[in-house]
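Number of protein chains: 2
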Amino acid sequence: MSQHLINRLCIIGVGLIGGSLARALKKAGAVSEVVGAGRDVAHLEKAKELGVIDHLETDISQAVKGCDMVVLAVPLGAMQSVFERIAPVMTDDMIITDVGSAKGSVVKAAQLAFNTTPETLVPGHPIAGTEKSGVEASFAELYQNRRIILTPLETSSSDAVSKVRSMWQACGAEVVETSIEHHDEVLAATSHLPHMLAYSLVDTLAKMDEKKEIFDFAAGGFRDFTRIASSDPDMWHDICISNKDALVKMIKKFSDDLQLLSNAIENNDSEYLKETFERAKKARDEFCDM
Amino acid sequence: MSQHLINRLCIIGVGLIGGSLARALKKAGAVSEVVGAGRDVAHLEKAKELGVIDHLETDISQAVKGCDMVVLAVPLGAMQSVFERIAPVMTDDMIITDVGSAKGSVVKAAQLAFNTTPETLVPGHPIAGTEKSGVEASFAELYQNRRIILTPLETSSSDAVSKVRSMWQACGAEVVETSIEHHDEVLAATSHLPHMLAYSLVDTLAKMDEKKEIFDFAAGGFRDFTRIASSDPDMWHDICISNKDALVKMIKKFSDDLQLLSNAIENNDSEYLKETFERAKKARDEFCDM
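Those protein sequences? They're chains Z and C, same order as listed.
Going by the working numbering, the first sequence opens with residue 95, and the numbers climb by one from there.
Going by the working numbering, the second sequence opens with residue 95, and the numbers climb by one from there.
Isolated chain Z (complex conformation) (with noise of 0.2 Å):
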């Protein structure tokens, strides 16, 4: 009998973030057996070789059988067809966990392929990566110190959160909960409104007939504002979709105060300026204490 966390975990997307935590839980001895599912059989392969997993598998319905724990670490637009996988194996001792950036669409997924809402559940997200993707690029502590956000739904057992939040735990992680509705609007604010900026800004530029120029006057202040406008256009097509209320929403808020600023530099509102160029730099100096 075993003494881990987790008996058999199922990680289908063996990626950085889902590499990382098999990784993670391996190294405290939180696990005992880990399959990797996926498409891609040669990258299931180098996972394996790499000993980040046990077993691979391609069909996801084999790959969650007899497992305790079942994280889908895909991308937001395959959640719904990898819940449909498992919907037909699904056993009550199966906790089923996720890594998605936007809480809301991964739960109506799994509603519509469960026709109901599982009560071993548990909506995740951790606030971690690096500019990397990949399983090469997966290492153990990615998650030391970092923050976890649960989302458990009023149907969610509260055995099936414990064993979510001692997962994570057992990987260094600080694990917080808050509601779904709250999740997305504060992951709207802090990481997609922000996205969506760098990459309209930097097209914006592209697009003008200076570009040349733009780019070679460029200094370094312009090359941190838009490294995120180098990230996966997939996945944040996928975040787009999948967290579109709260992201129109966020955008038209960011729109309108940036219009105030504009009328402000217009009419040579000096004060106006001041005092929001201040309350800023103080907010972010704040933010970098911490």
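Hint data in this document are derived by calculation from the structure and do not stem from the laboratory.
We put the beta carbon where it would ideally sit given N, CA and C, even for glycine.
Check each hint, because a few of them may be wrong.
Said to hold, decoys possible - Lysine to aspartate or glutamate pairs mimicking DMTMM-like chemistry, simulated, CA-CA at most 25 Å apart:
1) C/306 with Z/271
2) Z/346 with Z/328
3) Z/347 with Z/372
4) C/301 with Z/365
5) C/226 with C/213
6) C/202 with C/153
7) Z/306 with C/127
8) C/301 with Z/360
9) Z/301 with C/127
10) Z/305 with C/318
As the list claims (entries may be wrong) - Incomplete in silico selection of chain Z near chain C, CB under 8 Å:
11) 208
12) 241
13) 302
14) 311
15) 323
16) 367
Put chain C on the given structure of chain Z with help from the hints.
Just chain C now, with coordinates in the frame of chain Z:
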């Protein structure tokens, strides 16, 4: 008789930018003596103690006397009053340049102060800087391999342009020339607009009810994206006012494009989203390869 490129240099405003210029020219053996001018005696004494300047003077009309090169490294909002102090003692062999981030307003300020456009006025803008400020942060290597944009006027004498160019080249910089209008448009796009977006974003988030969670849940991408919101509020107030026309135009262009992106999210327009993100990522990645 001096063998130096510059015999007597006056730096008005001995901070990071002005101080680093003096250090670089001294290190290159390109200047015979440096007069530091400013309002704060203690600050100038510090600059002298550090060997950045040889003489100090709080009276600008006195400071520039006998100088063959005068560099204005003061905030944009102070340019006109400095020009007014120089005007009564201006001589034909006194070359005047500046380091302001907007060029149209500097030329206007000079024209108002001198009642003409001096032939020896050569506006300039080094694309260099660090997050620090003050003479203590200055160093001789700041301009090595950095771009300096000169915006000579139709009235500028070729000798004056040539000497300002040589001054910056002696600091290891690459000098490029463009028109005032073009400079101000390109800088609005590549520097002034991003600063407005960063300030406005942080301020929008800081005003939200969920402020605490927003900054709590923010990840590394947010830190990079908002770094420029830590910039000096007074300096950025001056830049906004000085480059108002080009900046308001760029904010409008950006806002229009952001609205199109928001519409695409709202309408699930996957093609528009993916194409925009891919174009932006490509432009950003190419910029970083440069």
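Checked hints:
At most 25 Å may separate the alpha-carbon atoms for a hinted pair to count; residue 306 of chain C and residue 271 of chain Z meet this at roughly 14 Å. At roughly 23 Å between alpha-carbon atoms, residue 346 of chain Z and residue 328 of chain Z fall within 25 Å of each other, so this suggested pair holds. Our distance criterion of 25 Å between C-alpha atoms is met by residue 347 of chain Z and residue 372 of chain Z, whose separation comes to about 20 Å. The straight-line distance between the Cα atoms of residue 301 of chain C and residue 365 of chain Z is roughly 18 Å, inside the 25 Å bound, and the hint therefore holds.
Annotation: proposed proximity of residue 226 of chain C to residue 213 of chain C is violated, straight-line Cα distance about 34 Å (limit 25 Å). Under the criterion of a C-alpha separation no larger than 25 Å, the hint pairing residue 202 of chain C with residue 153 of chain C is consistent with the structure, at around 23 Å. Taken as a hint, the residue 306 of chain Z and residue 127 of chain C pair is broken in the structure, with Cα atoms around 39 Å apart against an allowance of 25 Å. Between residue 301 of chain C and residue 360 of chain Z, the direct Cα distance comes to roughly 23 Å. Compliance with the 25 Å bound is thereby established for this hinted pair.
Taken as a hint, the residue 301 of chain Z and residue 127 of chain C pair is broken in the structure, with Cα atoms around 47 Å apart against an allowance of 25 Å. Only pairs whose Cα atoms come within 25 Å are accepted, and residue 305 of chain Z paired with residue 318 of chain C is accepted, the gap being roughly 23 Å. Look at residue 208 of chain Z: its Cβ only gets to about 24 Å from chain C, farther than 8 Å, so that hint breaks. Interface hint at residue 241 of chain Z: satisfied, since its Cβ lies 7 Å from the closest Cβ of chain C, which is below the 8 Å cut-off.
A cut of 8 Å between beta carbons decides the hint on residue 302 of chain Z: the least distance to chain C is about 7 Å, and the hint holds. The closest approach between the C-beta of residue 311 of chain Z and any C-beta of chain C is roughly 5 Å, which is under the 8 Å cut-off, so the hint is satisfied. Annotation: residue 323 of chain Z was flagged as interfacial toward chain C, and the flag holds, the nearest CB pair being 4 Å apart, inside 8 Å. Because the smallest distance between the Cβ of residue 367 of chain Z and any Cβ of chain C comes to about 5 Å, under 8 Å, the interface hint for this residue holds.
Checked against the numbered hints given earlier, this structure breaks hints 5, 7, 9 and 11; the rest are met.
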